[in-house]
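Chemist: Protein sequence lines, in the order shown, are assigned to chains A and B.
Using my numbering, read the first sequence as starting at 1 and increasing by one per residue.
Using my numbering, read the second sequence as starting at 1 and increasing by one per residue.
Read the hints as simulated data drawn from the structure, not as lab findings.
Wrong hints could be hidden among the right ones.
[As the list claims (entries may be wrong)] Okay, derived cross-link-like pairs now, DSSO-like style, lysine-lysine, Cα gap no bigger than 30 Å in a straight line:
hint	chain 1	residue 1	chain 2	residue 2
1	A	93	B	212
2	B	107	A	80
3	A	136	B	237
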Amino acid sequence: MANFEPKIVGFLCNWCTYAGADLAGTSRMQYPPNIRPIRVMCSGSVDSAYVLRALLEGADGVFIGGCHPGDCHYVSGNYKERRRITVLKSILKTLGLDDNRVWIRWVSASEGKRYADTIYEITSHLKKLGPNPVRKYWSL
Amino acid sequence: MTKEVVIEVKDGKVEEAINSFLKNLLEKKLVSALLVPQEVPSKDNVVQSLVTNSNGLKEVNVIAPVLPVNSARIISEMTRLSPHKNPVGVVLRSCEIRALVELVKLKQASLDNLLIIGVDCLGTYSVSDYQNLCKQGNSPLEELLENFKEGKEDAKLREACQVCEYPTPSNADLVIGLIGVDFEKIILLQTNTKKGEKILEKFSFLEFNQSKEREESVSKYIGGKIKKRDTLFSQTKEEVGGWENLLSVFSTCISCHNCMRVCPICYCRECFFESPNFEFDAEKYLGWAKRKGSIKMPRDTILFHLGRMSHMATSCVGCGACEQACPSNIPLLKIFKTVSHNVQQIFKYVPGRDLEEPLPLTTFKEDELQNVGEE
Chain A
1 MANFEPKIVG FLCNWCTYAG ADLAGTSRMQ YPPNIRPIRV MCSGSVDSAY VLRALLEGAD
61 GVFIGGCHPG DCHYVSGNYK ERRRITVLKS ILKTLGLDDN RVWIRWVSAS EGKRYADTIY
121 EITSHLKKLG PNPVRKYWSL
Chain B
1 MTKEVVIEVK DGKVEEAINS FLKNLLEKKL VSALLVPQEV PSKDNVVQSL VTNSNGLKEV
61 NVIAPVLPVN SARIISEMTR LSPHKNPVGV VLRSCEIRAL VELVKLKQAS LDNLLIIGVD
121 CLGTYSVSDY QNLCKQGNSP LEELLENFKE GKEDAKLREA CQVCEYPTPS NADLVIGLIG
181 VDFEKIILLQ TNTKKGEKIL EKFSFLEFNQ SKEREESVSK YIGGKIKKRD TLFSQTKEEV
241 GGWENLLSVF STCISCHNCM RVCPICYCRE CFFESPNFEF DAEKYLGWAK RKGSIKMPRD
301 TILFHLGRMS HMATSCVGCG ACEQACPSNI PLLKIFKTVS HNVQQIFKYV PGRDLEEPLP
361 LTTFKEDELQ NVGEE
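Looking at chain A on its own, in the form it has when it is part of the complex (with noise of 0.2 Å):
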């Protein structure tokens, strides 16, 4: 489990945590390299049916990010998207399975540092949890 690296979905809203990402990039900051990012017009645009697809196609962690509330620049995705996550993750503990797999962040596009962090948190985090369960069911 020592040398266990977690693989990490995010979905990042074009105008600030793509944004965020980019300018961790070009600032040079170090972070964790477990993210593979999917950049989409807006964190409202993440339907729960992907988050879930990504967690059953075996990934160890979703993260989301978004706009802080009242930055979306379509006005209210991202506290759409904070309802829906909202229900997903009831979902998903009621059923007895991890719902701190799926983060969602607000991260601005000035946030570089805020970025950095927070894949440093989430991948810290899913380190101490292991690998996601449900490879070991691929068969079902």
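Given the coordinates of chain A, work out where chain B should sit on it, guided by the hints.
Modeler: Okay, now just chain B, sitting in the frame of chain A:
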């Protein structure tokens, strides 16, 4: 402005007393048509039918304890494109009205010119159990009423009904009441709306004077149901909690999507889970199988159920139509009811309670759920 009157029951025949009232509605032209369940000629099932002539009401049985379809779907089919121009009466159970309210909010049905007649529901048998009881020569309705009178638990009822905490209809223009009423002699007719009052003005029924007894019986009955419901919740956690259990339960799913097709809340004309997103080349399957060692076929059954849950759990009314339609006997009701209950509690939302309450996933508050991303 609640108004309560009684309909007299002759020779203990509850269904006939209700039928004569429905007949009067049509004959007095208070409604131009009625959507009611009719018995089929073999007498072992009922079908919904739209009746415009009181002669067509002969085989009507609105309290037959079976629910082949959640009629909210039927009303949605009739009123989605345009509402009724003339008043149409629809006789529905609580779960059907609650689902209808949700469909109206989802803009899939219209209540215009609809007279909702709700009936107290003492539970329903699955279609196959209902048919078996009939074949054995028993009357499921008599058995149900008998059990109810003696306060006996009926283990043959569908699980959805055994744990249903909404036996009396809400949001109905007229309520036909059986609980807390001596239904061998009288049944209760209750109204809370102007539409309903106008109808009752046309009749000369006697006042109902046991409102308090009725209220007490109803809340006692609901109390028992809630207890059973909570037992079901803890059972669910034990039986299907965790990946291993959950994957085993859903691995028998044959991907027929019947549960989605009969669900009154699943309304999408084109379901995401039936879209080309789920069509892949042969090589892709082999690739997955290689990476994982083995994959279960048909694929994505658990993704379908969890995804469907995430889409409709906020509005699930717990009618159990999904479970009844499942050819693989997956215990869908217990899973969906438990999950939905927890989800709905987050938003203090009760599906079907109020037309004015917005659907949780279409609205938001700025200062809520602050710690979702922070744990």
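Chemist: Could you run down the list of hints and mark each one as holding or not?
Modeler: Results of checking the hints against the structure:
1. Restraint check for residue 93 of chain A and residue 212 of chain B: not satisfied, since their Cα atoms lie roughly 41 Å apart, outside the 30 Å limit.
2. Under the criterion of a C-alpha separation no larger than 30 Å, the hint pairing residue 107 of chain B with residue 80 of chain A is consistent with the structure, at around 19 Å.
3. At most 30 Å may separate the alpha-carbon atoms for a hinted pair to count; residue 136 of chain A and residue 237 of chain B meet this at roughly 21 Å.
Checked against the numbered hints above, the structure violates only hint 1.
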